[in-house]
Amino acid sequence: MVIDEATDLAQESRGEPLSTGMRAALPLAVPAVPIGILLGVAIRDSELVNNLAGWMSSLMLLAGASQFAAIEMLDEGAGVLAVVAAIFMINARHLMYSAAMSPRFKQAPTWFKIVGSHLLIDQAFALNGDHAPGGLQERSLHYQMWFFLGTAIPMMMVWVAAVGAGVYLGELIPAEWEVDFAIPLMFLGLMVMSTSNIPGVVAATIGGTVAVVARDWPSGSGLLTGAVLGVLVAGVLDALLERRGNSGRNGHGTINEEKELAPGVFGPGAGKGAAV
Amino acid sequence: MSQNMTVWLAFILGAVVTYLQRASFILFSGERSLPGPVQRALRYVAPAAFAAIVAPRVIDGAGMAELTSPDAKLLAALFGGVLMWKVRSLPVMLVVGMAGFWMLRWLGL
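For the record, the sequence lines run as chains S and U. Read in order, the letters of the first sequence are residues 623 to 898 in our numbering. Read in order, the letters of the second sequence are residues 342 to 450 in our numbering.
Since the hints were derived computationally from the structure, they do not count as laboratory data. Beta carbons are placed, not taken as given, at the ideal position from N, Cα and C, and that holds for glycine. Worth double-checking, as some hints may not be accurate.
Far from chain U, some chain S residues (derived; all Cβ distances over 10 Å) [to be verified]: (1) Leu-640; (2) Met-644; (3) Val-655; (4) Arg-761; (5) Leu-791; (6) Ile-795.
Stretches of chain S that chain U covers, calculated by requiring three or more beta carbons in the stretch to come under 8 Å of a beta carbon on chain U [to be verified]: (7) 661-674; (8) 721-731; (9) 766-775; (10) 827-841; (11) 851-863.
Just chain S, with the same shape it has in the complex:
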């Protein structure tokens, strides 16, 4: 039985989902380059963090915000526990990513769950979550797995290379160009892309507002609070709308609305723009 499954999987092409995923990740990989270089320069400039350890943190953590914070704290002489606690807080949104992705990968082989977990970065979640356009959920598990790897592996490689370039080559892009603004711009695009109905708009509004109000809270707890509150309120609103929709005559109104509002950005309907 196991052998049958394996041959079935092997017959399906890996190259197509892999390359489609890579193409989808390209616009997200480009803005990561200047940020990676910036982080590399911060590692190079820090007196207490040695270059190799700082660079390797990119491969091990694969999460920019937590790396910036950890390097700053270590350079100020913080202890191991304080740094690990900060990393935990800043990266806690990945718990929600994992919960959101787990139904899709429930039947996936164990090797994929082990590898895929490490690669569940912001950008991979953005391109692979149920909110992502392109009808990914309707594809086979095999296609979804290789599309996921296609989006995440190049992102990891670009990140590690960019940080290494910053560590060992220094400032390659003048700071006054403010190229790092591409990162908030990219997340803004991902936010718009993943918002397809009223509860989504509410989730984004609450998440953003709370994060601004709580901007001075320690160790990224403002981001986390905003994200959790946004999901909670939107989840309740979604349930209320669903109940009202089911009792009313126009039962599937919200679903139709979603389809209209979310044409494929990276899917077949994406047009020429996404293929650049």
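With chain S fixed as given, assemble chain U onto it according to the hints.
Coordinates of chain U only, in the frame set by chain S:
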């Protein structure tokens, strides 16, 4: 403990913690599945989390003063958001958005 050991240990333990967060449900939820309403709520993780990442970086917290004299980041973000909503293409939005941002900076905003 030497400083080098502190640094390596912090990164290694931080990486383990982060890995466990990412693996939590994917690797350890087994055959159990989350209740329907929770699964539906989790569809809003992306808009909520990404908005929480973006907002503090484009809104500088100056309050009302920011509304009367907005800076290039806020204007470029508003423009980029509308553009993304219209064209639904991340590459187009990023290129045009960054060009707009530099133009606003060049204009002195």
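Cross-check of the supplied hints:
no., hint, result
1, Leu-640, "holds, 19 Å"
2, Met-644, "holds, 14 Å"
3, Val-655, "holds, 12 Å"
4, Arg-761, "holds, 18 Å"
5, Leu-791, "holds, 21 Å"
6, Ile-795, "holds, 13 Å"
7, 661-674, "holds (count 3)"
8, 721-731, "holds (count 7)"
9, 766-775, "violated (count 0)"
10, 827-841, "holds (count 9)"
11, 851-863, "holds (count 9)"
The structure is inconsistent with hint 9 alone, although it conforms to all the rest.
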